[in-house]
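A.B. asks: Quick note, the sequences are listed as chains A and B, same order. Counting from 1 along the first sequence, just add 8 to a position and that's the residue number in our numbering. Counting from 1 along the second sequence, just add 8 to a position and that's the residue number in our numbering.
Derived by calculation from the structure, the hints in this document are not laboratory data. The structure displayed is predicted, hence computed values, not measured ones. Positions of the beta carbon are idealized from the N, C-alpha and C atoms, including for glycine. Be aware that one or more of the hints could be misleading.
Derived list of chain B stretches under chain A, where covered just means 3 residues or more per stretch with a C-beta under 8 Å from a C-beta of chain A [claimed, not checked]:
1) 39-50
2) 136-148
3) 261-275
2 protein chains.
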Amino acid sequence: MAEFALIETIRRRCAHVRDDVVLGIGDDAAVLAVPPDLELVVCTDTLVAGVHFPLETSAADIGWKSLAVNLSDLAAMGATPAWALLALTLPTADTGFVAGFADGFAALAAEHGVSLIGGDTTSGPLTITVTVHGLIPKGQALRRNGARAGDAVLVSGTLGDAAAALRYRNGADGMSVQSRASLQARLDRPQPRVTLGILLRDFASSCIDISDGLLADLGHVAAASGIGIEIDASRLPASPALLDQVPAEQRPALQLAGGDDYELAFTVAPERIPMLQQAVARESMQITHLGRAVAGSGVRALDSEGRPLDPPRSGWEHFA
Amino acid sequence: MAEFALIETIRRRCAHVRDDVVLGIGDDAAVLAVPPDLELVVCTDTLVAGVHFPLETSAADIGWKSLAVNLSDLAAMGATPAWALLALTLPTADTGFVAGFADGFAALAAEHGVSLIGGDTTSGPLTITVTVHGLIPKGQALRRNGARAGDAVLVSGTLGDAAAALRYRNGADGMSVQSRASLQARLDRPQPRVTLGILLRDFASSCIDISDGLLADLGHVAAASGIGIEIDASRLPASPALLDQVPAEQRPALQLAGGDDYELAFTVAPERIPMLQQAVARESMQITHLGRAVAGSGVRALDSEGRPLDPPRSGWEHFA
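With the hints as extra help, turn the sequences into a complete structure.
C.D. replies: See below:
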């Protein structure tokens with residue numbers, strides 16, 4: 009009964025229970041209560057070993073990340089996370105791996121009050137599909153299509169760390185252990201910007217999370233909104249580790265097109281920025297005013313004198 | 009942009025739209041409206057190539073089955089299907105495969121009024137995870153834990169066809185083309201018993217769908233309900249193709265433990281059976297009274313004289 013032992017290993021570690029879970033793990037399906045004034049927000053993301061994370065990634069980091077990339081999508085909608093399902097395909101019934109995976113998954117789930125309500129465990133090549141559900145007041149979901157010419161374009165946190173960790177995963181000359189660990193943590197344990205997403209319900213005209221890379225993801229906003237976007241590459245926010253360890257000329261490609269950042273990119277009417285900055289400061293969050301939405305289409309990165317940068321290869325693309 | 013072409017191929021074929029989909033495919037997440045008097049029912053199931061279906065299975069059949077196995081779980085809860093998400097992992101950007109897959113998926117989705125509201129497309133070994141959402145009036149979900157000693161045990165449809173198709177997939181002496189096709193259709197295009205599940209809300213004390221095999225799945229009902237179950241193996245319902253083509257002595261193993269049946273097994277208070285039979289007859293559905301719930305534990309198959317059958321290997325088990 010290896011399958012049931014694995015399920016029990018996961019269930020024991022993901023014990024967080026919410027009042028709105030009428031029936032959780034253990035039947036043919038879960039039953040959930042959605043309050044009448046809220047809408048349901050749902051998405052699913054798959055991680056494949058060797059594609060979405062290096063094969064040497066620890067089980068706990070894979071567990072964390074498989075939930076984090078999904079919560080990041082909920083954050084981009086402004087939704088409050090509620091429930092998750094976990095479909096775990098494993099080559100062997102490796103209880104140690106599953107325990108580590110569940111510990112990482114549960115650590116992030118607990119931070120955001122997420123209940124694991126169901127899933128499936130199957131044998132096959134290591135692949136993880138998580139489906140998450142969030143809740144949001146009616147009509148308040150942030151979309152990609154609301155940006156207007158004249159809006160300011162902003163981004164949370166810093167960009168390029170995860171891409172740098174991936175690029176220098178076999179080490180780089182002179183990189184300190186501390187900087188390396190700091191970049192690696194951004195790759196392995198992304199922090200979904202849930203609190204910011206909820207706050208942005210009151211400010212943003214559009215929002216997206218940065219998974220494929222800033223230019224590619226802003227490209228989705230531009231296309232959905234029917235606008236163009238210009239960003240000032242000299243304002244790209246960089247972490248101390250990136251500034252210290254990665255040569256200046258290599259940073260823009262990592263920050264514009266590296267992906268795996270799981271920050272939020274969003275647009276705001278310029279007159280609302282001061283009030284947004286105050287709200288963000290109260291929560292000790294960082295946002296950076298990067299550029300503007302303009303009439304037209306496409307996304308352009310400009311240098312500090314307004315000249316277009318050579319475009320880096322833009323955006324993670326499966327089947328490339 | 010191979011990934012976006014694949015998504016567009018799927019989206020074009022899964023065009024069914026429901027009024028309760030506030031925002032469908034194309035943003036970071038879908039937004040859905042759940043009516044205030046209904047509960048949400050959610051489950052997820054993964055199919056892995058070569059594990060859950062033979063490698064030679066057609067793309068359209070894989071698409072159909074990936075949704076069918078999930079709708080079968082909703083049927084077992086008595087829920088009305090509403091929305092699905094599709095996480096599709098593919099070795100290559102094979103548009104022909106994806107078009108066929110989406111055609112099969114969409115054919116079943118249309119039969120049950122299911123909207124495809126989101127998903128993910130990634131590169132890797134062929135693996136499909138579908139998450140489905142159903143709706144049900146508050147408190148009416150059918151569970152595994154409601155069977156009481158004295159209840160009758162019933163099953164829908166016929167058992168063993170899919171297992172026979174798998175066993176004789178390379179042909180069997182003297183099996184007619186028609187019988188072979190009939191068994192194969194049960195393996196490749198299972199019909200989730202959604203209408204029956206909804207009807208059973210008014211009758212059943214417990215319900216489960218048969219995916220692992222009748223004995224294994226009734227074992228889950230027995231354990232959850234704290235009862236034992238005895239079934240009369242001579243009453244196991246068999247299709248004409250199974251009766252014609254599979255020797256009598258080989259049938260019980262296929263019917264009791266073959267799995268992949270996607271019929272419903274359920275318990276009903278005996279005095280309610282006549283009214284249930286009438287309701288079922290009006291819908292031209294078939295159910296069979298197989299046995300009874302008893303004090304104790306475990307599931308026993310008895311022959312027509314009440315002697316225990318030798319137990320066949322019971323239930324599909326991953327990592328066995």
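A.B. asks: In terms of beta carbon proximity below 8 Å, does the region 261-275 of chain B have 3 or more residues touching chain A?
C.D. replies: The restraint on the region 261-275 of chain B is violated, since only 0 of its residues have a Cβ under 8 Å from chain A and three are required.
A.B. asks: Count the residues of the region 39-50 of chain B whose CB lies closer than 8 Å to any CB of chain A, then report whether that count reaches three.
C.D. replies: Check passed, 9 qualifying residues.
A.B. asks: Can you tell me if the region 136-148 of chain B counts as covered by chain A, using C-beta to C-beta distances under 8 Å and a minimum of three residues?
C.D. replies: holds (count 6)
Against the hints set out earlier in the document, a violation occurs for number 3 only.
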